[in-house]
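**Student:** If you want the building blocks of each chain, they are given just below.
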Amino acid sequence: MTLWVLIGIVIKILMIVGITQGTVAYLILVERKIAAYAQDRIGPNRCGAQFGLPAALLQPLADGAKMLLKEDVVPKYVTKPLYILAPWIAIVTAMIGFAVVPFGPVGPNQLIDFQIAPNVDMGLLYVLAVGSLAVYGVILAGWASNNKYAFIGGLRSSAQLISYELPLGMSILGMLLLAGSLDMNQVIAWQSQNAWGVLVQPLGFILFFTSAFAETNRLPFDLPESEQELVGGFHTEYSAMKFGMFFLGEYLHIITVSFITVILFWGGWHLPFLGLTPESSGLIDTLLKVGIITGKVFLAILFIMWIRWTLPRFRYDQLMDLAWKSMIPLALINLVATAGIVQLVRTYWN
Amino acid sequence: MPVNALPMDLRDFLRVAPAVLLSAWGLVVVAADLARYRRRDAESRRLAVGRLTLIGVGLALASAVALFGIDSLAQSDAPRLDRLLGESFASYFSRPDGLIFFGTLASGLPTDVLNVLFLTLLGLVVWTSTAYAFTDDLGEYFALLLWATVGMMLLAASEELATLFIALETMTICLYLASAFEKSKPRSAEAGLKYFIYGSVSSALFLYGLSFVYGLTGTTYFDAIGRVLGRGGHEGLAGNLVGGAALLLMLVGFGFKVAAVPFHMWAPDVYEGAPAPVSAWIATGSKVASFVVMLKVFLHALGPWSNPSNELMGPGWLGVVVVLAAATMTYGNLAALAQRNYKRMLAYSSIAHAGYILVGVAAASVSTAGPEAAGAVLYYLVVYAFANVGAFAVAAWLARDRDGDAIADLDGLARTSPALAVCIVVLMLSLIGVPPFAGFFGKLAIFMEALRQGPSGTRIVLAWLVALGLFNSVVSAFYYVRVLKAMYLREAPSVGGLQRAKSAIAVPIVVATVVVTACGIVPSPLMDLMRAIARPMLTATTLDATAVTDATPAAGATARPRPVAWTTPSRPE
Amino acid sequence: MGEVVVARILFLAIAALGLLAALGTVLSRNLVHAALHLVGFFFCVACLFVMLEAEFLAAVQVLIYIGAVAILLMFGIMLTRNTRGDDATSLSGPWRLPGLVAGLCLFGALVFGINNAVSPSGASPWAGEAARPSLVEREGEPAWAAERRRAVEDMGRVVGEEFLTRYAMAFELAGLLLTAALVGAVALAHRDEVGAAELPPTVEALPADSAEPVGTAAS
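Chain order of the listed sequences is A, B and C. 1192 is the number that the numbering used here gives to position 115 of the first sequence; each next residue is one higher, with no gaps. 1477 is the number that the numbering used here gives to position 538 of the second sequence; each next residue is one higher, with no gaps. 162 is the number that the numbering used here gives to position 36 of the third sequence; each next residue is one higher, with no gaps.
Hint data in this document are derived by calculation from the structure and do not stem from the laboratory. Model, not experiment: these values are computed from the prediction. Worth double-checking, as some hints may not be accurate.
With beta-carbon atoms standing in for the labels, derived distance ranges [unchecked claim]:
(1) B:Leu966 / A:Val1151: 48 to 58 Å
(2) B:Gly1393 / C:Pro224: 38 to 48 Å
(3) C:Gly225 / B:Gly1169: 30 to 40 Å
(4) C:Leu230 / A:Val1151: 52 to 62 Å
(5) B:Gly1393 / C:Phe238: 31 to 41 Å
(6) A:Ala1317 / B:Arg1126: 50 to 60 Å
(7) C:Pro224 / A:Leu1254: 37 to 47 Å
(8) B:Gly1309 / C:Gly225: 20 to 30 Å
(9) C:Gly225 / B:Val967: 57 to 67 Å
(10) B:Ile994 / C:Arg155: 50 to 60 Å
(11) B:Val967 / A:Leu1276: 31 to 41 Å
(12) B:Leu966 / A:Pro1279: 27 to 37 Å
Over 12 Å on every C-beta distance to chain C, these chain B residues come out as not near it, computed from the model [what the hints assert, rightly or not]:
(13) Lys1122
(14) Arg1339
(15) Gly1351
Virtual Cβ for every residue (Gly too), placed ideally from N, Cα, C.
My request is simple: use the sequences and hints to build the entire structure.
**Tutor:** In structure tokens form, the structure reads like this:
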């Protein structure tokens, strides 16, 4: 019995790793296409044309091959152990966050638990904890590279990530108060019975989404790597697959963040008028739930990419001002107001 | 999901009103300094912020006095309290256990008296702080003083190890920061850094000791620890290395806070480097609070480990404390003899006084008077604190006019300010322990408790310790008299001598003098009060704890009102 | 019994790693390496929490100690110039031996003492082995087992309840402590601009010995 559970978990892990890596490869293509669209270019359109495939569908293969086959340069002046460790930290912290993310329905009466570690009662805390580790990849890469640009990138990123972790953590507290649990499945269940998080916690959603940009080092908060000033920032000295791992880590992070956004604020697998409940467990319902959640995640990712080509980069002091002088106070206000409302409702409604 | 939290009585917050007021007032001071006073010139800004701080201290003092009134009324005249406050409040205040927040904090007469003491001393220290300019960050400085006091008040009131530790850290961290506030002087930064490094190491060791005590007894409540340890079966610490290690680690923590030898190294440098009012607050407030909580921990929680086999050097902490006391007072006094610097001299003198007080701690655990013997220590603490606040006000005076703190800077003070010179004489005499001033009665009471022993079978001879204490008092006269010599027998410098003291310096000196004189001429009211509060302070028991422990000895470690933690059961035989 | 053996091996492995990390923290000359070893140690502690079925504490440990405290530490170290360490950063010669002896004595006392701990009568001995109660509800289990199960399954809630009732004052005091530390640290670190109110300081105007934060760390 336990053996089968173990094998099931291993299969789930392998599947998720495979799917996410594949997704990342295509996300890069999507990003390039969106960039081209935003800049009124065509973008990649060759790879795959030989086989009659449209829109450069084989481009990810070419990219991957390039990453793998290029020479892996390790400069002489780097601190070697840390230099090699950093990309691994980046990718591992991005991967293990998936352990508690539900990809679909989870529960005792479901066909499959779409979650590697189901029923972790503090799933969100785990995601935050693992997310807070990601900064080590960046800061170590910057320090170990022994290069001014990389070092400034690492310092900027550590300051930025510490600052934005606060609003990120505080903005979801309102939603947790409403749902009364740190378990993401319960948060989805609450939303399916009441209302989507984005409707009841609009401020929380905006704060969360904004800090998510900063946490994933995306424009307009990509100061740790800003190409124009820092020649790529913390990963200036990295080449070939090591650089590819940072790249992979960044996109994995985007996927995680999108999942959390969808689960906390966009109702998870819930869509109005479809009649899906936490208990519904038929094959069609299950497929529908998985489809809805992945569809929403895809939308969120597209939105993040769209923002990248819409907003310019912040100046560093503006970045800090935004976090400490606007977002943290707003998150506190949101938290206190939500707590007050929850208390009032509990006292006078039921 | 249902929330099944413990039923909380929100009125508990009323009983910590002084602490709450002070915490909030700290923020008010910071904000007001930033918003209103920063634009003024230095002199008037200092006075304005100081006045604002004093208002807060006054409010807190008023609330503490009001609580004192209510609590003493609840004991003496309950029906009248009924009429004054109404039925429910009156019954709340006259609850016999005197514990709030589920037994984590003490409340009632002992806490009220100590709060009044802390707030009075704080008022004097704040007033002294307005005497001269040593920092530009006035709002932050005064706020840190207030917050340190919050830590002291809650430290003295804590009845549980976790609360104790957090209160201790609040107090000391505020003081670390405050001692580095004189930014123009490198030695102030040195003082802050030294205090911080020594302090954090000793806190870590202390916490380590606390964790062993928790591991051994399964509880963090003083009362429950005492109960578990007192259940017998073993002879105190005999063969209990973990217990011994825990005890020593805790002694390191307390020893650092009260500056007992050999954990005193920081004291002279910090006292000398920190601004005079901060030194005053480290020497008085933090020492009083630390000694109060040390009394509670050692006499109440670890009482059964004191002298289990009725021998001085038996398996208990008595011997260690006695050795510490002897070393501390001797070293402090001998080292003070060599000092030419007024603040350094006071530092060593305060080390010596910590030694006398440690004698009191040891005496309180063997005296036949029981917990009331700790009243002598409390009396000594009050007298010592007032005398030292006055003495450090003199240091502020030196810093203001001479920008130094050598004893020689006091030359000829008797000619320029004869009245204050007399006051200083009184303070020094009280610190030596000359009758009829209060310092004498403090020492007398402590030594009497050390000698008050039962019949010969259970007697622990502390007479040599008392003799050592007396000898030390004589030694201490030499360096205190050096101050008097400078004031009376030397000529004042023709230029740059001490100017006239303004109220910021004169008031603390005069108040301290009045207190030590009054308590010396009529010692019994204060002594009786301290003896009266010592018993409830050292025997506070949660109401249902006895029921829990006595009914189920096997689950005895869960001696809490309603256990949320659990203990693994004894191994099935 | 198999589970017990596995658990013991796991514990020993984690503890050994933790010990190594702690030693690395103390012995590293390079401050960045020391900080990284400290991170490793924090991580081992988090693993021990997991072994004690306190997943909530483990997550909090990672979130706060590794994610915030250690990062701030690294940040601070990287902003200072001398990360390589020198003779001043280690214990000086004459005190090395006494320090070592004292540490070993404490270690010996604790090892011996914990192994032969004399617990007060009524409490369970430390040296014994007690099976943890099941996390699955059983018939006829004692009341504390149910209590424990509730705490393990919903530790976040239980910790929160304790913070807001029994330890309400200590919790508030911790908040005050952090505020005080913040206010004091800002006041101490704040440098008054002397006469610089009119002009922004240029690079030349900075004193020669002011810290140069960038890139000099590892030259």
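**Student:** Against each hint, give a clear statement of whether it holds in the structure.
**Tutor:** Right, here's what the structure says about each hint:
1. B:Leu966 / A:Val1151: 48 to 58 Å: Given range 48 to 58 Å: holds, Cβ gap about 53 Å.
2. B:Gly1393 / C:Pro224: 38 to 48 Å: Holds, at about 41 Å.
3. C:Gly225 / B:Gly1169: 30 to 40 Å: Check passed, 37 Å falls within 30 to 40 Å.
4. C:Leu230 / A:Val1151: 52 to 62 Å: This hint is violated: roughly 41 Å between Cβ atoms.
5. B:Gly1393 / C:Phe238: 31 to 41 Å: 36 Å, holds
6. A:Ala1317 / B:Arg1126: 50 to 60 Å: 56 Å, holds
7. C:Pro224 / A:Leu1254: 37 to 47 Å: 54 Å, violated
8. B:Gly1309 / C:Gly225: 20 to 30 Å: 42 Å, violated
9. C:Gly225 / B:Val967: 57 to 67 Å: 46 Å, violated
10. B:Ile994 / C:Arg155: 50 to 60 Å: The hint (50 to 60 Å, Cβ to Cβ) holds, given that Ile994 (chain B) and Arg155 (chain C) are roughly 53 Å apart.
11. B:Val967 / A:Leu1276: 31 to 41 Å: The hint (31 to 41 Å, Cβ to Cβ) holds, given that Val967 (chain B) and Leu1276 (chain A) are roughly 39 Å apart.
12. B:Leu966 / A:Pro1279: 27 to 37 Å: 31 Å, holds
13. Lys1122: Given that some Cβ of chain C is not farther than 12 Å from that of Lys1122 (chain B), nearest at about 8 Å, it is violated.
14. Arg1339: 21 Å, holds
15. Gly1351: At about 37 Å from chain C, Gly1351 (chain B) clears the 12 Å cut-off, so the statement holds.
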